[in-house]
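2 protein chains.
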Amino acid sequence: MKASLVTIEPNGHSCSDCAVREFAVCSSLDAAELRELEHLGRRVHFAAGQTVFSEEDITTSFYNVLDGVMRLYKLLPDGRRQIVGFALPGDFLGMNISGRHNFSADAIGTVTICQFAKAPFTRFIEDRPHLLRRINELAIRELTQARDHMVLLGRRSADEKVATFLLGWRERLILLKGPIGTVPLPMSRQDIADYLGLTIETVSRTFTKLERLGVIEIIPGGIGLLDAERAGALAAA
Amino acid sequence: MKASLVTIEPNGHSCSDCAVREFAVCSSLDAAELRELEHLGRRVHFAAGQTVFSEEDITTSFYNVLDGVMRLYKLLPDGRRQIVGFALPGDFLGMNISGRHNFSADAIGTVTICQFAKAPFTRFIEDRPHLLRRINELAIRELTQARDHMVLLGRRSADEKVATFLLGWRERLILLKGPIGTVPLPMSRQDIADYLGLTIETVSRTFTKLERLGVIEIIPGGIGLLDAERAGALAAA
DNA sequence: CGCTTGCTTGAGGGGGGTCAAATCCGGTGG
DNA sequence: CCACCGGATTTGACCCCCCTCAAGCAAGCG
Numbered sequence: 001m002k003a004s005l006v007t008i009e010p011n012g013h014s015c016s017d018c019a020v021r022e023f024a025v026c027s028s029l030d031a032a033e034l035r036e037l038e039h040l041g042r043r044v045h046f047a048a049g050q051t052v053f054s055e056e057d058i059t060t061s062f063y064n065v066l067d068g069v070m071r072l073y074k075l076l077p078d079g080r081r082q083i084v085g086f087a088l089p090g091d092f093l094g095m096n097i098s099g100r101h102n103f104s105a106d107a108i109g110t111v112t113i114c115q116f117a118k119a120p121f122t123r124f125i126e127d128r129p130h131l132l133r134r135i136n137e138l139a140i141r142e143l144t145q146a147r148d149h150m151v152l153l154g155r156r157s158a159d160e161k162v163a164t165f166l167l168g169w170r171e172r173l174i175l176l177k178g179p180i181g182t183v184p185l186p187m188s189r190q191d192i193a194d195y196l197g198l199t200i201e202t203v204s205r206t207f208t209k210l211e212r213l214g215v216i217e218i219i220p221g222g223i224g225l226l227d228a229e230r231a232g233a234l235a236a237a
Numbered sequence: 001m002k003a004s005l006v007t008i009e010p011n012g013h014s015c016s017d018c019a020v021r022e023f024a025v026c027s028s029l030d031a032a033e034l035r036e037l038e039h040l041g042r043r044v045h046f047a048a049g050q051t052v053f054s055e056e057d058i059t060t061s062f063y064n065v066l067d068g069v070m071r072l073y074k075l076l077p078d079g080r081r082q083i084v085g086f087a088l089p090g091d092f093l094g095m096n097i098s099g100r101h102n103f104s105a106d107a108i109g110t111v112t113i114c115q116f117a118k119a120p121f122t123r124f125i126e127d128r129p130h131l132l133r134r135i136n137e138l139a140i141r142e143l144t145q146a147r148d149h150m151v152l153l154g155r156r157s158a159d160e161k162v163a164t165f166l167l168g169w170r171e172r173l174i175l176l177k178g179p180i181g182t183v184p185l186p187m188s189r190q191d192i193a194d195y196l197g198l199t200i201e202t203v204s205r206t207f208t209k210l211e212r213l214g215v216i217e218i219i220p221g222g223i224g225l226l227d228a229e230r231a232g233a234l235a236a237a
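Residue numbers (UniProt numbering), protein chains in the order written: chain A, 1 to 237; chain B, 1 to 237.
Treat the hints as calculated values from the structure; they're not laboratory data.
Being a predicted model, the structure only gives us computed values, none of them experimental.
Each statement offered as a hint is correct.
Stretches of chain A that chain B covers, calculated by requiring three or more beta carbons in the stretch to come under 8 Å of a beta carbon on chain B: (1) 71-82; (2) 127-139; (3) 146-153.
Backbone N, C-alpha and C fix where the C-beta goes; we use that ideal spot for every residue, glycine too.
Work out the full structure: start from the sequences and follow the hints.
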């Protein structure tokens with residue numbers, strides 16, 4: 001029997017030993033609430049490249065990323081793509097006011113997600129203002145990131161874009177996993193280009209340029225940051 | 001006596017006859033709550049060009065735009081500017097998690113604002129989940145707009161940017177004031193350029209081009225939209 | 001191996017930036 | 001009412017950064 005690309009884990013997992021417990025939206029809940037929440041969510045696995053939801057789809061669930069990396073993107077009618085963000089463990093997806101998703105989400109590599117059906121989760125929030133406050137906090141944080149990214153897209157050069165991206169990505173990983181040696185880049189060059197508003201060729205050339213300058217070292221599946229100070233200068237704050 | 005550039009209106013106004021009553025964050029409150037809120041807010045007027053708050057300032061207040069237009073922007077160390085949005089009556093400013101504003105806000109033309117001191121307003125929200133829900137709703141709406149704008153900044157041509165901006169701006173004004181004839185543009189060409197990630201020259205040239213094509217008509221302080229269908233086609237969805 | 005897929009490198013061109021000058025326009029004072 | 005001034009906008013000439021098109025290369029995998 002061929003394994004499905006999307007598999008739902010049998011019950012038996014518990015929130016209390018969840019890896020993203022302290023980062024995620026759930027950090028606002030006490031032990032009793034967590035036990036209640038356990039019945040609402042189920043773990044789902046996605047294979048590399050799978051689409052979890054698409055723009056304009058009716059929202060039927062909320063999603064809590066537990067493991068892996070996702071690309072969040074919007075498409076223009078002619079196929080041009082803008083990646084509006086990468087989701088990491090702890091990120092909460094699915095909030096909107098129209099009842100439809102306003103971007104698409106793919107798994108990059110394999111991804112594990114904690115999925116909540118919309119109606120019961122909405123009811124769960126209803127009389128738990130502290131959870132609502134936490135959700136609001138995450139939304140505002142995303143808004144801050146979105147504004148920073150607008151500055152990057154509208155006003156930075158290719159060199160600055162790439163340097164800023166590498167430093168920012170590294171920082172997020174450190175926040176999540178603690179100090180790291182080399183910086184893994186699970187997304188493709190095309191993904192990076194579509195995130196930075198560049199072409200794949202320009203991204204590749206800029207990587208090579210940074211390597212020639214001794215700022216980074218290109219390794220399979222990632223980069224090594226050799227000169228953080230120089231990279232910071234290139235990022236221009 | 002020379003009039004101050006920032007004037008605080010004496011008390012005596014009431015929320016019940018507020019112009020933005022139904023658009024703003026306050027739409028979630030009942031009559032009793034509104035009367036209570038009246039004591040927390042005060043109306044403040046700003047002259048054209050005045051800065052209401054700056055990026056990195058400690059947040060001491062929240063702001064509800066009552067009248068006028070504001071530009072919200074971020075600066076790079078070398079002075080490059082990205083306008084992240086224009087605020088219109090009903091917009092709510094000041095939410096953040098760091099305790100500092102993450103963008104600056106100027107009045108374009110004269111602006112009237114309903115200002116709330118941070119601490120009392122935060123306390124007011126505390127046990128009013130419906131207000132929190134409303135605030136969350138506004139944050140999510142802004143997030144949606146921010147993502148749309150990322151697509152514009154990263155993946156659209158100058159022509160598409162300008163056409164999209166004109167149609168979007170017109171739409172916002174119609175939503176706010178009902179059907180309008182010509183489209184007022186209170187912001188400068190420089191503001192438009194910094195919003196669209198272009199230079200002032202490119203914006204000017206594109207306006208002229210659209211006029212030559214018979215899509216718009218340039219008038220002092222605004223434009224007339226002559227061919228909405230054509231404009232929509234240029235905006236490329 | 002040969003094929004596929006992703007990345008890199010090269011050559012050339014164009015969209016939008018830069019620099020500079022002309023024009024428009026609202027405000028001010030005679 | 002008109003001449004003048006200063007800032008905003010428009011227009012022109014030129015050029016560069018990044019895109020386009022196309023070929024080479026390395027790694028994974030049947």
